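K.L.:
Based on the sequences and whatever the hints tell you, model everything.
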Amino acid sequence: MDPHLRAIAKTDIPCAACRILHRKCSRDCMLSPYFPADEPEKFGVVHKVFGASNVSKMLQMLEESRREDAVKSMVYEAQARLKHPVYGCTGAIFYLQKSVEDLEGRLRATREQLLDERERRDQLWKVLTDTSHGSQFYHANDLVVDASAMSSDANIIHGHSVRENPGDYYQMI
1 MDPHLRAIAK TDIPCAACRI LHRKCSRDCM LSPYFPADEP EKFGVVHKVF GASNVSKMLQ
61 MLEESRREDA VKSMVYEAQA RLKHPVYGCT GAIFYLQKSV EDLEGRLRAT REQLLDERER
121 RDQLWKVLTD TSHGSQFYHA NDLVVDASAM SSDANIIHGH SVRENPGDYY QMI
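With the first letter of the sequence shown counted as 1, position 117 gets the number 117 in UniProt numbering; the numbers rise by one all the way through.
Keep in mind that the hints are not guaranteed to be accurate.
To be verified - Subject to a maximum C-alpha distance of 16 Å in a straight line, what follows is the list of computed EDC-like cross-link-like pairs (lysine to aspartate or glutamate):
no.	residue 1	residue 2
1	24	12
2	72	41
3	42	69
4	83	41
5	72	39
6	57	68
7	48	77
As the list claims (entries may be wrong) - Simulated restraints on C-beta separations:
no.	residue 1	residue 2	range
8	64	21	18 to 24 Å
9	76	117	41 to 47 Å
10	98	123	34 to 40 Å
11	39	103	33 to 39 Å
12	100	12	46 to 52 Å
13	12	85	35 to 41 Å
14	21	90	26 to 32 Å
15	123	82	41 to 47 Å
16	52	76	17 to 23 Å
17	106	52	22 to 28 Å
These are calculated hints, taken from the structure and not from any lab test. Nothing here was measured: the structure is a model prediction, and the numbers come from that model. No residue lacks a Cβ here, since even glycine has one placed at the ideal position from N, Cα and C.
P.N.:
Written as structure tokens, this is what we have:
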């Protein structure tokens with residue numbers, strides 16, 4: 001539910017912040033839209049790590065439109081700090097940055113491999129289409145392949161003309 005709708009629909013039930021702090025929750029409670037009564041653990045972790053006073057001060061410094069995102073960030077950081085007291089969410093950030101670096105390296109290697117394969121394909125294509133080597137290729141091909149299986153046109157390989165774009169052949173495979 002939207003924090004502003006929660007504030008409007010507020011009843012006499014104190015928000016999680018006021019309940020944990022044992023104080024009366026007023027209609028204009030700044031924390032109630034972000035820490036509803038049905039989510040006490042949310043405020044509990046934030047209070048444990050940052051303290052209620054600091055949370056209130058941080059939210060007061062922000063525009064109202066940015067407060068919800070700030071609370072989400074505080075909750076995430078507090079949960080990470082409790083789970084990993086030394087590094088907190090910084091450990092997760094470093095892990096993700098390392099993963100990105102590893103993936104970028106793998107992408108570079110894959111691109112290099114693709115360029116090598118294209119170069120080999122182009123070299124092979126040049127050999128296949130070169131007229132000086134063409135007769136040698138087809139004579140060798142006649143020895144390996146049964147003559148009845150060969151097409152009457154010596155320039156046909158697997159049903160495709162040798163003069164076609166080599167990229168078309170690789171797309172069909």
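K.L.:
If a hint holds in the structure, say so; if it doesn't, say that too.
P.N.:
Here is how each hint holds up against the structure:
no., hint, verdict
1, 24 with 12, "holds, 10 Å"
2, 72 with 41, "holds, 13 Å"
3, 42 with 69, "holds, 14 Å"
4, 83 with 41, "holds, 14 Å"
5, 72 with 39, "holds, 13 Å"
6, 57 with 68, "holds, 14 Å"
7, 48 with 77, "holds, 12 Å"
8, 64 with 21: 18 to 24 Å, "holds, 22 Å"
9, 76 with 117: 41 to 47 Å, "holds, 43 Å"
10, 98 with 123: 34 to 40 Å, "holds, 38 Å"
11, 39 with 103: 33 to 39 Å, "holds, 35 Å"
12, 100 with 12: 46 to 52 Å, "holds, 49 Å"
13, 12 with 85: 35 to 41 Å, "holds, 38 Å"
14, 21 with 90: 26 to 32 Å, "holds, 29 Å"
15, 123 with 82: 41 to 47 Å, "violated, 60 Å"
16, 52 with 76: 17 to 23 Å, "holds, 18 Å"
17, 106 with 52: 22 to 28 Å, "violated, 46 Å"
Comparing the model with each numbered hint stated earlier shows that hints 15, 17 do not hold.
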